[in-house]
Amino acid sequence: MDKVRTPKNIFVQGAISPEKIATSIANHSTKTEIGGHSIFLGQVRADQKEKGEVVAIEYTAYEEMALQKAFEIREAVFAKYPLTCMHIYHSFGEVKVGEICLFVFTSSKHRKAAIEACSELVERIKAELPVWGKEILDSEEHVWKKNS
Amino acid sequence: MDKVRTPKNIFVQGAISPEKIATSIANHSTKTEIGGHSIFLGQVRADQKEKGEVVAIEYTAYEEMALQKAFEIREAVFAKYPLTCMHIYHSFGEVKVGEICLFVFTSSKHRKAAIEACSELVERIKAELPVWGKEILDSEEHVWKKNS
Amino acid sequence: MAEKLIIKAFGMVAEEIGQSEIWLDSVSNTQELLAILKERYPGLEGMKFSLAVDKELVSENQKIDGAREVALLPPFSGG
Amino acid sequence: MAEKLIIKAFGMVAEEIGQSEIWLDSVSNTQELLAILKERYPGLEGMKFSLAVDKELVSENQKIDGAREVALLPPFSGG
Numbered sequence: 005m006d007k008v009r010t011p012k013n014i015f016v017q018g019a020i021s022p023e024k025i026a027t028s029i030a031n032h033s034t035k036t037e038i039g040g041h042s043i044f045l046g047q048v049r050a051d052q053k054e055k056g057e058v059v060a061i062e063y064t065a066y067e068e069m070a071l072q073k074a075f076e077i078r079e080a081v082f083a084k085y086p087l088t089c090m091h092i093y094h095s096f097g098e099v100k101v102g103e104i105c106l107f108v109f110t111s112s113k114h115r116k117a118a119i120e121a122c123s124e125l126v127e128r129i130k131a132e133l134p135v136w137g138k139e140i141l142d143s144e145e146h147v148w149k150k151n152s
Numbered sequence: 005m006d007k008v009r010t011p012k013n014i015f016v017q018g019a020i021s022p023e024k025i026a027t028s029i030a031n032h033s034t035k036t037e038i039g040g041h042s043i044f045l046g047q048v049r050a051d052q053k054e055k056g057e058v059v060a061i062e063y064t065a066y067e068e069m070a071l072q073k074a075f076e077i078r079e080a081v082f083a084k085y086p087l088t089c090m091h092i093y094h095s096f097g098e099v100k101v102g103e104i105c106l107f108v109f110t111s112s113k114h115r116k117a118a119i120e121a122c123s124e125l126v127e128r129i130k131a132e133l134p135v136w137g138k139e140i141l142d143s144e145e146h147v148w149k150k151n152s
Numbered sequence: 002m003a004e005k006l007i008i009k010a011f012g013m014v015a016e017e018i019g020q021s022e023i024w025l026d027s028v029s030n031t032q033e034l035l036a037i038l039k040e041r042y043p044g045l046e047g048m049k050f051s052l053a054v055d056k057e058l059v060s061e062n063q064k065i066d067g068a069r070e071v072a073l074l075p076p077f078s079g080g
Numbered sequence: 002m003a004e005k006l007i008i009k010a011f012g013m014v015a016e017e018i019g020q021s022e023i024w025l026d027s028v029s030n031t032q033e034l035l036a037i038l039k040e041r042y043p044g045l046e047g048m049k050f051s052l053a054v055d056k057e058l059v060s061e062n063q064k065i066d067g068a069r070e071v072a073l074l075p076p077f078s079g080g
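Residue numbers (the working numbering), protein chains in the order written: chain A, 5 to 152; chain B, 5 to 152; chain C, 2 to 80; chain D, 2 to 80.
For the record, the hints were derived by calculation from the structure and aren't laboratory data. Any given hint could be a false lead.
Label-pair restraints from in silico Cβ distances [stated by the list, open to error]:
| no. | chain 1 | residue 1 | chain 2 | residue 2 | range |
| --- | --- | --- | --- | --- | --- |
| 1 | B | A30 | C | G44 | 44 to 54 Å |
| 2 | C | P43 | B | S152 | 28 to 38 Å |
| 3 | C | Q32 | B | H114 | 26 to 36 Å |
| 4 | A | A80 | C | Q32 | 27 to 37 Å |
| 5 | C | K5 | A | E127 | 56 to 66 Å |
| 6 | B | K55 | C | S21 | 16 to 26 Å |
The following residues of chain A were derived to be distant from chain B, with all beta-carbon distances above 10 Å [what the hints assert, rightly or not]:
| no. | residue |
| --- | --- |
| 7 | R49 |
| 8 | I77 |
| 9 | K84 |
| 10 | S111 |
| 11 | A131 |
| 12 | V147 |
Beta carbons: idealized from backbone N, C-alpha and C, even for Gly.
So here's chain A without its partners, still in its complex pose (with noise of 0.2 Å):
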C-alpha cells in the first residue's frame, strides 16, 4: 500500500458546499478498515468591525508555495499518525458569511488518530499556509483577517 504522495491541489473556487461535503464521506463507505473520521470546518463569521460587518472573505494565496507547504504539512501529519485518509481544502477567492471556508477531514482504524491529526492539521494549515482573508466590509471598506 505504500505510495509515493506528491502535491495535491487544495484550492477550491469560492465556498465549500455540504454536498461536496457529503460526497467526500461516501467515498469512503468501501475503505472499511476505517472506524472514525474527524472533520473540521471553518466558516466565514459575520464579525463586527469599526467601519462595519464583515460580509464575506475574499482569499488570495501564494499558490506553488502553499500546495508545496500543504504537502509538507501532509506528509508530516500522515508520518505521526496511523492513519488511512487525509483530505485538506481551503476557498480562493470569494466566500460570503456563513459559507464553508476550510474542510479538513482525517480517517482511521481508530478515533484517537484522526481526532488529533485533524485538529494538528488546522493548527498547522492556519499558521504556515501562505493565504490571506480580506474581510470585506457591508460598509464596502476592507480589513485584512487575523488569524489567533
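Once you have looked at the hints, place chains B, C and D on chain A.
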C-alpha cells in the same frame, strides 16, 4: 438566548446518511456567529474476528436511560465550552460495514471550543451511554462489540 | 400486595438469560436480586454487568424498596 | 547581463505597494532588497511581513544570488 433544554431523541434507525450530515451542516449557514465546526463520525469496521469477519453491527439501547444520560452529557458540555450548537445522532438497529453509526457535531465562534467539546462528547458517549453493538459476522455467528 | 419489579436485560445479558424482561416479586436490595438471578440463570455467574435502579447506576448494595425497574447492563459499546 | 529578479507581493503588502509583481535588477541579499523596497515604497516601513526566497521562508539576511523570486508575505490568515 437562554432557553430551557429538554432531552432530545438521538437515535436514528439504521445508518446515518452522508446527506443527513450535509443537511445538518447546511442548516448552520444562517448562524453567522459560528467560525468553526467539529464533526466526528463513527464508521462500522470490517474487523476480523475468530469466527469470521464483521459485516454489520446491530445496535440496541436502554433507550430512556440513554436519552436521559445524553441530555446530562449535553448540558455538562454546554456548560463547559462556549458552544453555539451541539448535535448527537447514534444509530439504532442494523448498520452495515462502511456505513456511519455515530455523528457528533459541535459549532462555536472559535475552533478550539468546537474541537475540544466534540472530542469530549465522543469519549463520554462511548463510555456512558447504555448502548450495545452486536457484531454480525459473515459466518452468521456474532460477537458483542467491546469499546476500547 | 407488594408491587412487582421489572428486570430489564440488555445485550449479552439478555442473550444469556434468553429474555429482555423478567417480572419478580418485590426484592429488598440489589444484593438479594443478584442472588436470585444467579440462581435462576447460572450463566450470569462470572459475567460482567452493572445494575441501574430506576435508570440510576448503582455501585454498592442498594435498597430496591419502591423502585419500579432494575436494569442489567453489560459494558456499553455504543459508537 | 544579470538576470532579473521577480518580487511577488501578497495581501496587505500588495495593497500597499499597489501591485503584485515587481521586476528588479539583480540584488545581492535580502537586506539590500528590503532597503530598496522601503525606499521605493515608504508605506512598507513598519509593516509586518516575511520574505520567502524561491518559496523558502528566510529569517535572517540571506544571499539572493541566482534566486528567481522573492515573495513578500504578510502574516498568514487562511482558514
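Hints versus structure:
Between B:A30 and C:G44 the beta carbon distance is about 50 Å. The supplied range of 44 to 54 Å therefore holds. Checked against the hint of 28 to 38 Å, the C-beta distance between C:P43 and B:S152 comes to roughly 30 Å, which is consistent with it. Between C:Q32 and B:H114 the CB atoms are about 50 Å apart, so this pair departs from the stated range of 26 to 36 Å. Restraint check, A:A80 to C:Q32: a C-beta distance of roughly 56 Å breaks the suggested window 27 to 37 Å.
Look at C:K5 against A:E127: about 58 Å separates their beta carbons, and that is inside 56 to 66 Å. Taking 16 to 26 Å as the suggested C-beta distance range, the pair B:K55 and C:S21 conforms, at roughly 24 Å. With a minimum CB-CB distance of about 4 Å to chain B, A:R49 fails to clear the 10 Å threshold, and the non-interface call is violated. Every beta carbon of chain B lies more than 10 Å from that of A:I77, the smallest distance being close to 17 Å; the non-interface claim holds.
Its beta-carbon lying about 17 Å from the closest one in chain B, A:K84 satisfies the requirement of being farther than 10 Å from that chain. Under the 10 Å C-beta cut-off, the non-interface status given to A:S111 relative to chain B is violated; the minimum distance is some 8 Å. Against the 10 Å criterion, A:A131 stays outside the reach of chain B, whose nearest CB is about 12 Å from its own CB. No beta-carbon of chain B is positioned within 10 Å of the beta-carbon of A:V147; the least distance is around 16 Å.
Figure legend: structure checked against the earlier numbered hints; hints not met, in rising order: 3, 4, 7 and 10.
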